[in-house]
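S.K.: Here are the chains, one letter per residue:
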Amino acid sequence: DQQVKQNSPSLSVQEGRISILNCDYTNSMFDYFLWYKKYPAEGPTFLISISSIKDKNEDGRFTVFLNKSAKHLSLHIVPSQPGDSAVYFCAASGVTGTASKLTFGTGTRLQVTL
Amino acid sequence: NAGVMQNPRHLVRRRGQEARLRCSPMKGHSHVYWYRQLPEEGLKFMVYLQKENIIDESGMPKERFSAEFPKEGPSILRIQQVVRGDSAAYFCASSLQGKDTQYFGPGTRLTVL
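Residue numbers (the numbering used here), protein chains in the order written: chain A, 1 to 114; chain B, 1001 to 1113.
Hints in this document: simulated from the structure, not taken from any laboratory.
Everything numeric in this text was worked out from a predicted model, so none of it was measured.
Glycine included, each C-beta is placed from N, C-alpha and C at the ideal position.
Any given hint could turn out to be false.
As the list claims (entries may be wrong) - For lysine-lysine, the following DSS-like pairs were computed, each having C-alpha atoms within a straight-line distance of at most 27 Å:
#  : chain 1 : residue 1 : chain 2 : residue 2
1  : B       : Lys-1099  : A       : Lys-38
2  : B       : Lys-1062  : B       : Lys-1027
3  : A       : Lys-56    : B       : Lys-1099
4  : B       : Lys-1071  : A       : Lys-5
5  : A       : Lys-5     : B       : Lys-1044
6  : A       : Lys-68    : B       : Lys-1099
7  : A       : Lys-71    : B       : Lys-1099
8  : A       : Lys-38    : B       : Lys-1071
9  : A       : Lys-68    : B       : Lys-1044
10 : A       : Lys-71    : B       : Lys-1051
11 : B       : Lys-1099  : A       : Lys-54
12 : B       : Lys-1027  : B       : Lys-1044
13 : B       : Lys-1099  : B       : Lys-1027
14 : A       : Lys-54    : A       : Lys-68
15 : B       : Lys-1099  : A       : Lys-5
What the hints assert, rightly or not - Across the chosen pairs, the derived CB separations fall in these ranges:
#  : chain 1 : residue 1 : chain 2 : residue 2 : range
16 : B       : Thr-1111  : A       : His-72    : 17 to 25 Å
17 : B       : Arg-1020  : A       : Glu-15    : 41 to 49 Å
18 : B       : Val-1083  : A       : Gln-3     : 23 to 31 Å
19 : A       : Thr-45    : B       : Ile-1054  : 40 to 48 Å
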């Protein structure tokens, strides 16, 4: 039962353009969402998060949008840079039970080309 | 400002042996989480601990796996009698409070021969 889904396993974007990574979730109890970036043989690096009380959060080149009615969030990277090439994971946690447990998607591999 | 530390980075074990994975959280963090990543998959939650307490072990296999976070020293994930299916990357994360952002270590890559 995949509660967090990243349906695009890979994405290729030209340097300077916008990268849009998508994530869907099924559990309506999730209230906190995060994006992590991962390079091979390294641990995930936190990028940006958003609480369910917001619909947008911005940090430099990274913006996360949350559409609660559609149970959908997206990460926008503008402008994309070659160093952004990595696997991006969407993660979610909920208000009930053990709120701290993160549920991850399967990741989207972003390739930023010159 | 050291981040989350994990050792060893790579561990090779033969079937039936024990594997011990260590995690030192970021300074000041008292919440530790263990996740496992199988090849071509996302990270899967295993266990959440605070000092001397297991808060949530809903992701831990029922047998052979155990975790601890003693008052002093690192958190330990222990896998007894390893099997080939245990081969994976094991990541530790820590947070300041229970609902705060989790910061990950570099992982331990376990290979079972």
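S.K.: Which earlier hints can't be squared with this structure?
M.R.: Violated hints (numbers, rising): 2, 4, 8, 10, 16 and 19; every other hint is consistent with the structure.
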